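Q: Since the structure of chain A is provided, determine the placement of chain B on it from the hints.
For the record, the sequence lines run as chains A and B.
Mapping to our numbering: the first sequence position 548 is 541, numbers consecutive.
For any residue, its number in our numbering is found by taking its place in the second sequence, counting from 1, and adding 1.
Think of the hints as simulated: they come from the structure by calculation, not from any bench.
These figures come from a predicted structure and were not determined experimentally.
Be aware that a few hints might be false.
[Unchecked claim] Below, simulated DSSO-like cross-link-like pairs (lysine-lysine); rule was C-alpha separation at most 30 Å, straight line:
#1 A:Lys171 to A:Lys1
#2 A:Lys28 to B:Lys261
#3 B:Lys292 to A:Lys28
#4 A:Lys423 to A:Lys377
#5 A:Lys40 to B:Lys352
#6 A:Lys1 to B:Lys352
#7 A:Lys207 to B:Lys146
#8 A:Lys187 to A:Lys75
#9 A:Lys203 to B:Lys116
#10 A:Lys1 to B:Lys146
#11 A:Lys94 to A:Lys187
#12 B:Lys292 to A:Lys203
#13 A:Lys548 to A:Lys235
#14 A:Lys388 to A:Lys187
#15 A:Lys548 to A:Lys595
#16 A:Lys369 to A:Lys457
#17 A:Lys203 to B:Lys146
#18 A:Lys373 to A:Lys388
#19 A:Lys457 to A:Lys533
#20 A:Lys207 to B:Lys292
#21 B:Lys352 to A:Lys203
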Amino acid sequence: MTSFFIRKYTIQSLFIFIFFILVCNLFYIQVISEKYYLSANNNALRKNYIFPARGEIVDRNHKTLVKNQPIYDLLVIPNQVKNIDTLLLCSIVDIDLKGFKTRLHRARAQSNYQMTIFERQVPIENYAALQEKLFLFPGFFVQPRTVRFYPDSVASQFLGYSKEVKQSDIDKSEGYYKLGDYIGKSGVERSYEKELRGRRGITYMLYDAKNNPKGAYQDGRFDEAAISGKKLISSLDLELQKLGEEIMKNKVGSIVAIEPSSGEVLAFVSSPGYNPNLMVGKKVGNEYMALNNNPYRPLNIRPIQGMYSPGSAFKPLDALIALQEGVIFPNSTFNCPGGYKAGNHYVRCEHVDGKIDLRRGLARSCNTYFCQIFAKLILKNGYKNQKATYDLWQKKVRKFGIGDTLGIDLPFEKSARLFTSENYSKRYGKYWGYTNLISLSIGQGEINTTPLQMANIMSIIANKGYYIKPHVIKAIGEKKLISRKYTEKHYVDIDTTHFNSVIDGMQDAVNMGWGTATESRIPNIIMCGKTGTVQNSHGKNHSVFIGFAPRNNPKIALAVIVENGGYGGSYAAPIASFMTEKYINRKVSNRSINGSTLQMYKDANLLPKIKTKKPSVTTPQSNTTKITTAKNVK
Amino acid sequence: MSNNQPKNFFYNVDWITVLLFIALSAIGFFSIYATVYNPEKMDGFSFTSSYGKQLIYILSGLIIGFFILLVDMRFFNALAPIIYGVTVVLLIAVLVVGRNVGGNQAWISLGGDFKLQPSEFAKFSTALLLSRYVGLLNPTFSDVKSILIAALIVGFPMFLIMRQPDAGSTLVFLSFMFPLYREGLSGYFLLVFLGMITLFVADFLIPIYVLIFIIIGIGGLFIYLNKRKRNTIILVALACICYLFFVKFAFNHILKTHQKTRIELILGLKQDSRGSGYNVIQSKIAIGSGKFTGRGFLQGTQTKYGYVPAQSTDFIFSTVGEEWGFMGSFVVLGLFLFLLLRIINMAERQKSVASRVYGYCVASILFFHVFINIGMTIGVVPVIGIPLPFISYGGSSFWGFTVLLFTFIKFDSNRMGLAK
Chain A
-6 MTSFFIRKYT IQSLFIFIFF ILVCNLFYIQ VISEKYYLSA NNNALRKNYI FPARGEIVDR
54 NHKTLVKNQP IYDLLVIPNQ VKNIDTLLLC SIVDIDLKGF KTRLHRARAQ SNYQMTIFER
114 QVPIENYAAL QEKLFLFPGF FVQPRTVRFY PDSVASQFLG YSKEVKQSDI DKSEGYYKLG
174 DYIGKSGVER SYEKELRGRR GITYMLYDAK NNPKGAYQDG RFDEAAISGK KLISSLDLEL
234 QKLGEEIMKN KVGSIVAIEP SSGEVLAFVS SPGYNPNLMV GKKVGNEYMA LNNNPYRPLN
294 IRPIQGMYSP GSAFKPLDAL IALQEGVIFP NSTFNCPGGY KAGNHYVRCE HVDGKIDLRR
354 GLARSCNTYF CQIFAKLILK NGYKNQKATY DLWQKKVRKF GIGDTLGIDL PFEKSARLFT
414 SENYSKRYGK YWGYTNLISL SIGQGEINTT PLQMANIMSI IANKGYYIKP HVIKAIGEKK
474 LISRKYTEKH YVDIDTTHFN SVIDGMQDAV NMGWGTATES RIPNIIMCGK TGTVQNSHGK
534 NHSVFIGFAP RNNPKIALAV IVENGGYGGS YAAPIASFMT EKYINRKVSN RSINGSTLQM
594 YKDANLLPKI KTKKPSVTTP QSNTTKITTA KNVK
Chain B
2 MSNNQPKNFF YNVDWITVLL FIALSAIGFF SIYATVYNPE KMDGFSFTSS YGKQLIYILS
62 GLIIGFFILL VDMRFFNALA PIIYGVTVVL LIAVLVVGRN VGGNQAWISL GGDFKLQPSE
122 FAKFSTALLL SRYVGLLNPT FSDVKSILIA ALIVGFPMFL IMRQPDAGST LVFLSFMFPL
182 YREGLSGYFL LVFLGMITLF VADFLIPIYV LIFIIIGIGG LFIYLNKRKR NTIILVALAC
242 ICYLFFVKFA FNHILKTHQK TRIELILGLK QDSRGSGYNV IQSKIAIGSG KFTGRGFLQG
302 TQTKYGYVPA QSTDFIFSTV GEEWGFMGSF VVLGLFLFLL LRIINMAERQ KSVASRVYGY
362 CVASILFFHV FINIGMTIGV VPVIGIPLPF ISYGGSSFWG FTVLLFTFIK FDSNRMGLAK
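Okay, chain B solo, but in the shape it has when bound:
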């Protein structure tokens, strides 16, 4: 392969994707600048402030990206299991020697101010190994074995992250459903997944005996319509009912109090303006106060005066919403959607199955982050702390997404080759 590779490293690089990456990073930088902006105390640019550090992350991210483009394709293929292994070791290490930040033991201190969050890189290594596996064996996920192997690759780091416990990052691993679905995993898995979410929500809003009554009713109707599938329908209905009881049990005995309250808040079971719901209320106020055109850069009162907690990290979108209004929010969402659809289109043009799977992994992980993060800032999904890709403040997450994306750009620049 390398023989055919032209001298120009940037040959075939998808510049549109790179531009989208730069645009989103720039939006992130200015949004972080706005959150710490203080007209009384601003004296020149400072590299110790969060916007200064973010600039370092962005610039170093670009260098990382550049180096990824230099790396030979064979490197990724050969090292996928090793990178995965290292990540797993780090994830175990973090449970032993990690630093506890905000209730989650997710950080390894690297000396000084810098600390590493291995879970941000776990997505990358899992995506790499999963695509390598699919690329090598070409399973269609119609047999139990291939499903089990895929589940193991995804599930192992997922389990370790759950132990930290970092619910947000754990849930991100659900996004690997999409590449598997694309490769042949039955649509029933997605349906079952959606059904589980529906029943989960219904379990809190409707009394359980009413739900059971409804399930039996619907089941009865299906049996009346299609007598041959009677046993399957009865089985599904029973599974649904068991699931309802399991959710109730899990909620009461497994989840932590703050997780419970978050779920209750999002389902509207609780009103709380000072406790857990405070973030969401303040974030919605900030976003809503932007109106159509926004208050203007550095003019957002909620942003400037610190009304939204964790604004530079998980709630960075509230700055965009307040200072740039609906137009700005629309542009940011548009950029993300454009990026996602582009990655999928790029994935489909790969000759290599592994590259395609990897592309789908990247799109799905980004999608999941954007949906959950923006969804939580406007109160449509529960507050599960995961960052907004390229925009949220933070080195690990920025580098994690950069590596994730640039690896795909690298794959894509080599799309005509067939990776083994």
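For reference, chain A alone in the conformation it holds in the complex:
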């Protein structure tokens, strides 16, 4: 043994010390730190999302309004694209060579190694050819998903549309939505988004370093299946809706039909409409802009956003309140000299009727009669208390669902307008009275209603005293769930007997020779209704009809507004007649009204001429909610 033997221990200690350091390091990265374990999962484990199909929507007879159609997104992993027949791919996907390059470039900019979208929504026709030859294009993949398809191209504003989520939607949803999800943007698609969207599926897949899929993680134990959205059964009657859209073609206006006993909306026509199939597909952006710039504003949801003076259609409501307040009786008569003078206002009648009672006043739509009862109502508590009395009156009117939204299950509903005494004081100052308000009695002046509100008034009269909030969805999925909100009866606090008197007048308006709404007569069905001819400062009068049928056990209450249609009897009443007949008899008999057949009404073009093309066309309206079409008479 040399004297250097001791150095053996120095060397062995050094070895042990170094190995100890290595073990400590290993202990840190393997046992203490979580970081590397998570990074490994990031490397190899990837979540793939399966987009669920949105729920179908059917009409009240289970006919399809909107269903889903498969389409295919073409995805690419740029660094795997090698030696492909570019021209062949271009011809299959229907793009040009330049488009190919920009798409590939865009994908590269995002990631060279990960799947990114190359081309959205390859239609199924192209997909067949693509699938067959996909093996020729390494680096390209298809991902199936579904888009909306509207077999009958109807009810566009009713159904609304869905779009891919924007970043703002994702932020608002607090992480629910992810890029590539669809979200309802208007109509039923929006209001029933939670039911329609379903649940996104997740598969956990393993990938190797070159991004080739290597199968499911742990045999798919953690995968979640996609759950399709729930099916919605809407209250709409597809046949009725189709007829309504055909008949309103080339006209501006709307038709709302409600089943009075349930508050279910049977028809929801907004004209001009658009083909809902335009709102799906690759060119949706362009189509949307075109619709947005269309001077006839097809994106307006007129049944709940159009605001019209009710005009004479308001008179039954006048009568009901007056009867309930006891200021008149059904047999009370007034003298009609052909007009009514209130202060500086003179309200003219279309005809001189002389001594006239309620029934005939309604049938003849006598302005004088209703000015008289309005004056009586406001002066009930004396001249001094007119303002307070007005407030009592307007509150009674509000009970009919006027002046506020009805709470239909569709977004962007407008409340329209009804003044309070305070509003009038702001306008007229301290001194005002019934003479300032006299236009209200004939449904003009500071009162606006949406077509939905008008139809709802008819529903109240048909039900003789109550309404159920109008709604468009009858049932959700198989469970037939519906909010209690849409089964409650809202009473308007008017005795049933009073309704009979008003209904008598409305029946006469349609069915008696002296009535103003005879154009809405239907063979073998007793229709009760009221026409309105709403003055319009911008052009020809709007043609209005509201009514319900049949008189006993009413099945349908409706409001028809045809802008620039002239007298209520010239368009609105005949349209209502055809619609009602269609709904009750399931078909329209071969007949003519005012010498015109149904086809002639369909063919009529009442679109107003657009005078100045430039400003209205180029001003883009970013949101349908902003659109207000207040049609007032001064």
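A: Chain B alone, transformed into the frame defined by chain A:
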């Protein structure tokens, strides 16, 4: 000697060492199998795959080992200079006719798929000649001459390998410091060596004028404590300062770009997840994801799906780390440490000085490989591509380590004899 040798060739063979060798080789085989394992494409055993070849290397290695045990002791003593000479010729040949693999001209093609890496055998022949020299002359390395001769024996192949250039294998030759230290080389050499590494690292992390200030400060303190050694201290301090400037110069003008970036990455001067640092990051992820017990054999996602580059060769330890976790890593390190300490203990029981020196050479070379290789897979030392003994894929390295180890086992089985 041979007269006393019993008929049984395996007399006195240290079976524990042989078992350690077999255990580590088996771990290597299964780890390589795991790196190429692909459940979709596995159809039976294949001798053309890397695990199949490794099995051939292991089996042939065992045969080589067996033959080494048969060889007479005198053979090694007599042939040490010749083996050394042949190696040197091969190292020169590789510079002339060698094949370039991954930037290093380190391979000689032997036809077919097989190619030879002479640097793997240079360690063996250098160890053999060095121990022969020490055994013959018994120097204590206190004189300049013996130090110079030893430095020449080690330095010549080292220089040739550096020319390839194979920095990793070059650095392995530093491990010959340990046997020389054991035989009497001043501990100052080790201290100087450690000091050089410390200053090297400090040179990158701390501004040079601050370092100079610190050196002067420490030097001043030592002079205050021990006035007699003033001149020596001043000399050392000056040498330190010169060294600092030399490192800066060498880094900027001598090292290649990829070597520079590796050093910068390891010192944390650069963050790079896709370039040179990619290997280390992926390797750390794989090892770290094994957690305590590992994902299980053939269950490592990083291993199976090719996330760690060069995994079957230099980064084979990441497979062990991922699939067997901390426990597996600990066992592998434990086996290696056990082997190293055993070799040193065996070396100390040799009567022959040459055998002892050779034993220390073997232990030191293995230690250096294990430390650098595992250290780089977990990011504590720079990535210098040297294999993990017995475990990494590769014929030359496996045979090189086998010859190295079995020669020592042979020496040890003959430990009572005094080799001349």
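Q: So, for every hint listed, does it hold in this structure?
A: These are the hints, each one checked on the structure:
Taken as a hint, the lysine 171 (chain A) and lysine 1 (chain A) pair is broken in the structure, with Cα atoms around 65 Å apart against an allowance of 30 Å. Taking the CA atoms of lysine 28 (chain A) and lysine 261 (chain B), the gap is about 28 Å. The hint holds against a cut of 30 Å. For the given pair, lysine 292 (chain B) sits about 11 Å from lysine 28 (chain A) by alpha-carbon distance, which is consistent with the 30 Å threshold. Annotation: proposed proximity of lysine 423 (chain A) to lysine 377 (chain A) holds, straight-line Cα distance about 12 Å (limit 30 Å).
A C-alpha spacing of about 66 Å is found between lysine 40 (chain A) and lysine 352 (chain B), which places the hinted pair above 30 Å, so the restraint is violated. Restraint check for lysine 1 (chain A) and lysine 352 (chain B): the C-alpha separation of about 16 Å stays at or below 30 Å, so the hint holds. Between lysine 207 (chain A) and lysine 146 (chain B) the CA atoms are separated by roughly 63 Å; this puts the pair beyond 30 Å, and the hint is violated. This hinted pair does not check out: lysine 187 (chain A) and lysine 75 (chain A) have alpha carbons roughly 43 Å apart, beyond 30 Å.
Note on lysine 203 (chain A) and lysine 116 (chain B): the hinted pairing holds, with a Cα-Cα distance of about 29 Å set against a maximum of 30 Å. With a C-alpha separation of about 24 Å, the suggested pair lysine 1 (chain A) and lysine 146 (chain B) falls inside the 30 Å cut-off, and the hint holds. Between the alpha carbons of lysine 94 (chain A) and lysine 187 (chain A) the distance comes to roughly 39 Å, so the proposed pair goes past 30 Å and is violated. Simply put, lysine 292 (chain B) and lysine 203 (chain A) have alpha-carbon atoms about 25 Å apart, close enough for the 30 Å limit, and the pair holds.
With a C-alpha separation of about 19 Å, the suggested pair lysine 548 (chain A) and lysine 235 (chain A) falls inside the 30 Å cut-off, and the hint holds. Under the criterion of a C-alpha separation no larger than 30 Å, the hint pairing lysine 388 (chain A) with lysine 187 (chain A) is inconsistent with the structure, at around 35 Å. Between lysine 548 (chain A) and lysine 595 (chain A) the alpha-carbon distance is near 24 Å, which keeps this suggested pair within the 30 Å criterion. With a C-alpha separation of about 24 Å, the suggested pair lysine 369 (chain A) and lysine 457 (chain A) falls inside the 30 Å cut-off, and the hint holds.
Distance check on the hinted pair: lysine 203 (chain A) and lysine 146 (chain B) sit about 57 Å apart at the alpha-carbon level, beyond 30 Å; violated. Distance restraint check for lysine 373 (chain A) and lysine 388 (chain A): the Cα-Cα separation of roughly 15 Å lies within the 30 Å cut-off, and the hinted pair is therefore satisfied. Distance hint between lysine 457 (chain A) and lysine 533 (chain A) is unfulfilled; the C-alpha atoms sit about 34 Å from each other, more than 30 Å. Straight-line distance between C-alpha atoms of lysine 207 (chain A) and lysine 292 (chain B) comes to about 23 Å, which keeps the hinted pair within the 30 Å bound.
The straight-line distance between the Cα atoms of lysine 352 (chain B) and lysine 203 (chain A) is roughly 57 Å, outside the 30 Å bound, and the hint therefore fails.
Of the hints listed earlier, those the structure fails to meet are numbers 1, 5, 7, 8, 11, 14, 17, 19, 21, in rising order.
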